[in-house]
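S.K.: Each chain is listed here by its residues.
2 protein chains.
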Amino acid sequence: MKHIGKQTIQFDNPPTILETASIVGPKEGQGPLAKYFDQCLEDEFWGEKTWEKAESKIIKETVNSVISKSGISADSIDYCFAGDLLNQCISSSFGLREINIPFFGIFGACSTFVESLCLGSVFIDAKAAKNVLCATSSHFCSAEKQFRFPLELGNQRPPSSQWTVTGSGAAIVSASGTGPYITSITPGKIIDMGIKDANNMGAAMAPAALDTLITHLQDTGRKPSYYDMIVTGDLGYIGKDIVTELAETKGYNIKNNYNDCGVLIFDKEKQDTHSGGSGCACIGTTFSGYFFKQLKQGKLKRILLIATGALTNATSSQQGESIPGIAHAIAIEN
Amino acid sequence: MKHIGKQTIQFDNPPTILETASIVGPKEGQGPLAKYFDQCLEDEFWGEKTWEKAESKIIKETVNSVISKSGISADSIDYCFAGDLLNQCISSSFGLREINIPFFGIFGACSTFVESLCLGSVFIDAKAAKNVLCATSSHFCSAEKQFRFPLELGNQRPPSSQWTVTGSGAAIVSASGTGPYITSITPGKIIDMGIKDANNMGAAMAPAALDTLITHLQDTGRKPSYYDMIVTGDLGYIGKDIVTELAETKGYNIKNNYNDCGVLIFDKEKQDTHSGGSGCACIGTTFSGYFFKQLKQGKLKRILLIATGALTNATSSQQGESIPGIAHAIAIEN
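Chains as they are written, first to last, in the working numbering: chain A, 38 to 371; chain B, 38 to 371.
In isolation and in its complexed conformation, chain A is listed as follows:
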């Protein structure tokens, strides 16, 4: 591989995304992408006693599913890269404690899924591994409880708020396969524009998405039109508009080929999630369920996947801190 431009890595032998899997919660199962997911749960607990245990079960079963669908044995997966939103990433570590695969815990907030694909693809092209597993999860109820208010309180949600996706997305990245291929990655910098509104994550993360997008285009010498689709993770309606407008002021027109998983995963009229979906699983399930199939079937040939994360917690907000954002990008081509 080689390092090109400011922060992009281009692969000599682009790793293949061999297979993906996705499991989502009931609300996502009523949304417009429902038919693309492997499984839509009927309740948020899935037979568990707590939301945290349910989230662990969701990532565990999603990982079992992707291994089973891929046709390769768990033994032949060399390393796993996973993380989630729960404190100390317990959804991943409890959910994956039995898989017996060397484990790299990662935390990029809602950028975690693409972060895992970035690291995994470096390992593959470096010949450090033949197959790696990348996974993430989030859960509306465990996230609300941890970051905002107890659900039982019935708090009103402001119009700029987003709805954390309940679900898990997982992918196996491999040295051999017939694509889609991860051709380059552009890991992002932490960008903090001073936004402090914890109910407007889209606005807090949009500048990071823009920075990574423009850096990727400059590093690779590409125009936005090189991609059939540029996809961000969970900026929602507000963040999507900000990125579109800011890109235009910088001379990049992305109006015709840009969308956001937080916009795609819920129905705006019927599901009233305010500014759209969010959470690690927003891009995790939308990519694993929808975009992977579009690529596999040749309906999309080149996409740029940019996952965004808000690197904040409940304590930092209470201490008056702003919300730093980050965005990692991968180019996936057929």
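These aren't lab readings, by the way, just hints derived from the structure by calculation. Some clues are possibly wrong.
It does not matter which identical chain is used: a pair holds within one copy or between any two.
[Claimed, not checked] Here are the computed lysine-lysine pairs in the DSS-like style, where the Cα-Cα straight-line distance is at most 25 Å:
#1 Lys72 - Lys287
#2 Lys106 - Lys43
#3 Lys167 - Lys43
#4 Lys72 - Lys43
#5 Lys292 - Lys260
#6 Lys307 - Lys336
#7 Lys182 - Lys64
For chain A, the structure is supplied; the task is to place chain B on it using the hints.
M.R.: Only chain B this time, still in chain A's reference frame:
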């Protein structure tokens, strides 16, 4: 690089640890390793209003220090790998939000420092980067507040409890340099032996340390005596004894060349930390302060550094979960 045995990666062009830096709190500054640290703080707040902000300042200044000591410019550092114990790793993300280096957030609990060195060295040998920054932090006060009880409560600590190290360790890993070299890495699996006592982390993590140690020795075909020193991160007195005994039952004698950073960093008699030090910064500062200098001066030629982490949080303990452990190993040779 090549993948050898079950889970070890051996480097073709072993990356150099170019420089390290360490800043510690007042208690660590009264301990036996005080003279090896770059800076010992006089109070836990370091002029900040909260412990979390103090921890962010500590990692920020440690990173500034390692860059300054290394003689290379921040611009020439391609990627940063960092994480910590605070919820959503805010010490790292707030501490490093201004350094303007593409950022991979990682979470391996107290194994984070070696996890960052593992990932960083793969990037270097893969030519994805010329220089990478690896950093971690922990803080006694922020950790006690988050994982156990408010310090103001004055809770009695059981004899098996450990003392979270206040401080930060940082390293720059580079493609060129005169060593010490990272020659191989053995990333670990999640090992859960069902231990539930959140006040006995050493016992919870010891099986993971043993698993990674034995796997490393088997993968490389080495005996424990190959290393001048085998060093674990923060098993403390209890965990160290468990690993020593368990290793013996498996046919490995490590009595003469094994020690633990949690044992080394505090004085057992004078400082009464019960079972010793712990936290991401325990191995972070002990390696960056003490072991790096021993290697650089040729007093040690080969060490195996095994950082251990307990993948738990306050909620999982309250929900009756056990404490999964993980351990990542790197071989460092001159």
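S.K.: Give a verdict on every hint.
M.R.: Here is what the structure says about each hint:
no.: 1; hint: Lys72 - Lys287; verdict: neither (37 Å within a copy, 51 Å between copies)
no.: 2; hint: Lys106 - Lys43; verdict: between (37 Å within a copy, 24 Å between copies)
no.: 3; hint: Lys167 - Lys43; verdict: between (28 Å within a copy, 12 Å between copies)
no.: 4; hint: Lys72 - Lys43; verdict: neither (40 Å within a copy, 39 Å between copies)
no.: 5; hint: Lys292 - Lys260; verdict: within (13 Å within a copy, 61 Å between copies)
no.: 6; hint: Lys307 - Lys336; verdict: neither (27 Å within a copy, 69 Å between copies)
no.: 7; hint: Lys182 - Lys64; verdict: within (18 Å within a copy, 36 Å between copies)
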